[in-house]
Amino acid sequence: MPKQTFILNGEKVTVTVEDDVRLLWVLRDILGVTGPKYGCGINVCKACTSHINGKAFNPCSVRVGDLQSDDEVTTIEGLADTAPGPGLHPMQKAWIDRDVAQCGYCQPGQIMEAVALVRRLQKEGRPLRESDFDSIRNICRCGTYTRIREAIEQGARAMGRS
Amino acid sequence: MTTPTVETTTSDHEDGPGGVERRRFLGYVLAGTTLAVAADLSLGTPKAMAAIPSAPQISDVYDLEDLQTDAALPTSALISITIRENGTAHFEFPRAEVGQGIITSTAMIIAEELDLPVRRVEVTLAPARPELLLNQLTGGSNTTFSTYTPVRVAAALARQQLLAAAAIELGTTADRLVTIAGVVRDPLTGQSRSYGDLAVSAASQVLKTVEVALRPEKDFKVIGKPHSRLDAHDAVTGAKRFTTDLKVPNALPTMVCRAPQHQGTPKRLLNRSQILRMPGVTHVAQVPTGIAVRARTFGQCIDAVRAMRVEWNAGPADGQSDATVLKALRAAELPLVVPSTPLTQTIDVDVAFAFRSSAALETYSAIADVRPDRAEIWAGLKVPILAQQNIAQMAGLPQDKVKVHVITSGGSFGHKLFSDHALEAATISKAMGVPVKLMWHRADEPRQGRLHPMATSRVRASILAGQVVSFEQRHTSVVTDFSHGLGEILTSTADELPTGLGGYGFSQSIFLLTQQLPYNFGVVTQLLNETDGAFKTGSMRNIYSPDVAVAAELAIDQIAKALKVDPVEFRTAHLKDPRVVKVLETVAKAGRWGRRLPKGVAQGVAVHKEYKGCTAVLVELDCRPTTVNRDLGPETVTGPRVTKAVIAVDPGLVINPRGLEAQMQGGFMDGLALTLTSSCHLRDGKFLEASWDNYFYTRQWNVPPQVEVHIVDSGVTTPGGAGEAAVGTSAAAVACAYARATGRIPEMFPINHGTISFKPKTFVPPIPPAPTNGLKTAR
Ligand code: FES
Ligand code: FES
Chain F
1 MPKQTFILNG EKVTVTVEDD VRLLWVLRDI LGVTGPKYGC GINVCKACTS
51 HINGKAFNPC SVRVGDLQSD DEVTTIEGLA DTAPGPGLHP MQKAWIDRDV
101 AQCGYCQPGQ IMEAVALVRR LQKEGRPLRE SDFDSIRNIC RCGTYTRIRE
151 AIEQGARAMG RS
Chain L
1 MTTPTVETTT SDHEDGPGGV ERRRFLGYVL AGTTLAVAAD LSLGTPKAMA
51 AIPSAPQISD VYDLEDLQTD AALPTSALIS ITIRENGTAH FEFPRAEVGQ
101 GIITSTAMII AEELDLPVRR VEVTLAPARP ELLLNQLTGG SNTTFSTYTP
151 VRVAAALARQ QLLAAAAIEL GTTADRLVTI AGVVRDPLTG QSRSYGDLAV
201 SAASQVLKTV EVALRPEKDF KVIGKPHSRL DAHDAVTGAK RFTTDLKVPN
251 ALPTMVCRAP QHQGTPKRLL NRSQILRMPG VTHVAQVPTG IAVRARTFGQ
301 CIDAVRAMRV EWNAGPADGQ SDATVLKALR AAELPLVVPS TPLTQTIDVD
351 VAFAFRSSAA LETYSAIADV RPDRAEIWAG LKVPILAQQN IAQMAGLPQD
401 KVKVHVITSG GSFGHKLFSD HALEAATISK AMGVPVKLMW HRADEPRQGR
451 LHPMATSRVR ASILAGQVVS FEQRHTSVVT DFSHGLGEIL TSTADELPTG
501 LGGYGFSQSI FLLTQQLPYN FGVVTQLLNE TDGAFKTGSM RNIYSPDVAV
551 AAELAIDQIA KALKVDPVEF RTAHLKDPRV VKVLETVAKA GRWGRRLPKG
601 VAQGVAVHKE YKGCTAVLVE LDCRPTTVNR DLGPETVTGP RVTKAVIAVD
651 PGLVINPRGL EAQMQGGFMD GLALTLTSSC HLRDGKFLEA SWDNYFYTRQ
701 WNVPPQVEVH IVDSGVTTPG GAGEAAVGTS AAAVACAYAR ATGRIPEMFP
751 INHGTISFKP KTFVPPIPPA PTNGLKTAR
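These protein sequence lines map, in sequence, to chains F and L.
The numbers in the working numbering rise by one with no breaks, and the one at position 137 of the first sequence is 137.
The numbers in the working numbering rise by one with no breaks, and the one at position 427 of the second sequence is 427.
Quick caveat, the hints were computed from the structure, so don't treat them as lab data.
Accuracy of the hints is not assured; some may be wrong.
Unchecked claim - Here are the simulated DSSO-like cross-link-like pairs (lysine-lysine), alpha carbons at most 30 Å apart as the crow flies:
hint: 1; chain 1: L; residue 1: Lys644; chain 2: F; residue 2: Lys93
hint: 2; chain 1: L; residue 1: Lys582; chain 2: L; residue 2: Lys225
hint: 3; chain 1: L; residue 1: Lys576; chain 2: L; residue 2: Lys561
hint: 4; chain 1: F; residue 1: Lys93; chain 2: L; residue 2: Lys247
hint: 5; chain 1: L; residue 1: Lys776; chain 2: F; residue 2: Lys12
hint: 6; chain 1: F; residue 1: Lys55; chain 2: L; residue 2: Lys221
hint: 7; chain 1: F; residue 1: Lys93; chain 2: L; residue 2: Lys267
hint: 8; chain 1: L; residue 1: Lys401; chain 2: L; residue 2: Lys247
hint: 9; chain 1: F; residue 1: Lys12; chain 2: L; residue 2: Lys247
hint: 10; chain 1: L; residue 1: Lys776; chain 2: F; residue 2: Lys3
hint: 11; chain 1: F; residue 1: Lys123; chain 2: L; residue 2: Lys247
hint: 12; chain 1: L; residue 1: Lys536; chain 2: L; residue 2: Lys561
hint: 13; chain 1: L; residue 1: Lys582; chain 2: L; residue 2: Lys644
hint: 14; chain 1: L; residue 1: Lys225; chain 2: F; residue 2: Lys93
Note that the coordinates shown come from a computational prediction; the quantities given were computed from them, not determined experimentally.
All chains, please: the whole structure from these sequences, using the hints.
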């Protein structure tokens, strides 16, 4: 069986598993990293959203064999370490401040998507607009969308300051 | 439980210098190593009235919450709070947390009576406790209503015992001591003892019955103040554990290959040895619901399910489609009986509602370890006792050999009232002889999971000389499955129900217990008839109310129009209850009812009364072509957009306004989806939907940019239900706005049901392949 090597939340990991197993299952079932959630398995619900080299992506739709050994995968568990200073990432803080989560199942994916969105805006050098929310495809079946919007606005401001 | 239960009594009592009367309750100090107190779960329940007057509807005087609460009486049992040596209080809650925030609100109630910071109250979910019988059912928004008083009594008793213990240690009397944030202090000497210090000395060797008074509402410091969820940190760091996140030794990923047709069953697997040779696969077993496979990863289960060649038996809905089900419903409609005369004007509204899926974002999942002599189950379950019974029966084990752990769920919406997932996991574990971690594929949910039944709702109102003299509603629905326990509650309380319910079946009774037309319209009848079920149905969030409210409120707008009265003015003039008038006035004012809007944009308003509370919703809906035709890419349903939603709620006593606001916002998103976008299509016994790109639950691009929630305080001192209160009102307000913006009432809800906006995914194999382009779509 092939060995798969990549960087997970800042640490190099090697797993022995077939190339075509999707990364989500390597994370959850083999490595026990359960922050990324399953909601569809076909890149639709975005519950599994994590980061690859700083960009949002969906590990349910990536073969583990397609990763390079220097690819940096960040899950919700590793997000806080990507922000300067101790404690949580500013987006996680905004999420707690707005008391966004209901059941919480979608929230790791929502936060990872939000952080990537704000990074994109920072690169483009423009502020968050109402229409940017339309680009967020993450489902929240508890309907926390209103507070997600408020938290993204707050988190975006905080990310701009750090 | 060996503790004897004692008849609960209350007495009035002079309290303090002001002589304020406070009700006193009996509680129990349990024998234990640290202080443990208990109260009877049936405390403080209002008694049912012996008979009901003819004018109010049944649910006006006795509703679903009363029924569930009364179910406690014959099977009363204790709930207990323990004070630990580290100064924390622990309460094992016989309810399920599915996202509605009851752990936080219950911790707040305990913190209030106990004078302990909320953070130091630990509320965990109790495993199945058979002695509680149906007292362990989370549904119908009943939790806080039924547990508020018993939880307060237990917490107040704990404080009283701590004070008594401190008085002995400090050489004084309890009435000279005060409690602050988990510490007992003597203000005169400045001496103090923490609850942790007192946990052991306050403990009792024997069971004692003790009288206790509750804190007066005016002194509340925690209840009624906004509080964030206790699990907020875990939820944003990925630390919150759901069923499939649990690590149970050897419980490997397991999935099921299911029939193409709804509830079809397997004949046989044709390529068993090929499947067993696939990478990662350890076991394959045929079970009544399909062919199960267990493997090292869920990804390998998906591959195995897709590779299976299976012969299937047709499902019970073989040959049926939306059109045939609708035809059967039409044929079963009960007649409207008020005759139209030359003097009366009649208003008729006749609408249909498609099947909808109550699936949460977390698919059905359960861990099961069934051995010859015992079984252990982990799952999100709202009625764990029924799961325990069903599994014991399936496995041929005594009920006490089945341990059922209740795990916090990724949403329920009625879905987890059933134990389908737990029973299926147990069946598979038994068949394979190994522990399994079962997870449904997303495609399994709308196709094989629980559905909100298709229904029609007809309303006829008669107007005579400018007055509404009758209002008849006939709701006709594919049968709703209540076999999860609400039905059993009805059986067990049948004798105590108010006169007039005895003769109805379960569904009819629940219909009558939940429906409450809050208007004075002369002769009001709301009746349910059901057609036979070939479908796996359930009581989706708010059960019948969204559909019933949509039809009724649409009719009310039509009546107002016929009488040339403004819809808000008309409602205000006919509402029976000043509390409902208040919430309506609140949204009308805050939402600036009647303001000028461009053509194609309209306001809509609706009210709903249920679960001891009431709500009003006002929306502005943009139906202009530029909005309706917004193109945001494939399989992205846009359509009319609510640009603003104003919600007012009077839930009775508010425990946690921040949690209540969240429930209102979430309930609104549900109501919005029910009216505009989300439904399941039946074709030849198969449901076409297979994922969120087919089943159009509200997404960010449908969310109103502006959502306001107003909490109206009516001074009521008992909490009502909040988990479902906004769904029906929101669905109705959006429907009314749509009718006003477009000038027509749709025949079918959701309004987009007539268009299939997606390409149906594969039926054989029953689940779609996992894409491989995830790196290309990185953003
Ligand atoms: S599970 Fe990855 S997008 Fe849904
Ligand atoms: S919080 Fe439950 S799905 Fe989003």
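Do the hints match the structure? See the list:
| no. | hint | result |
| --- | --- | --- |
| 1 | L:Lys644 to F:Lys93 | holds, 27 Å |
| 2 | L:Lys582 to L:Lys225 | holds, 22 Å |
| 3 | L:Lys576 to L:Lys561 | holds, 20 Å |
| 4 | F:Lys93 to L:Lys247 | holds, 28 Å |
| 5 | L:Lys776 to F:Lys12 | holds, 23 Å |
| 6 | F:Lys55 to L:Lys221 | violated, 45 Å |
| 7 | F:Lys93 to L:Lys267 | violated, 53 Å |
| 8 | L:Lys401 to L:Lys247 | holds, 22 Å |
| 9 | F:Lys12 to L:Lys247 | holds, 23 Å |
| 10 | L:Lys776 to F:Lys3 | holds, 23 Å |
| 11 | F:Lys123 to L:Lys247 | violated, 40 Å |
| 12 | L:Lys536 to L:Lys561 | violated, 40 Å |
| 13 | L:Lys582 to L:Lys644 | holds, 20 Å |
| 14 | L:Lys225 to F:Lys93 | holds, 21 Å |
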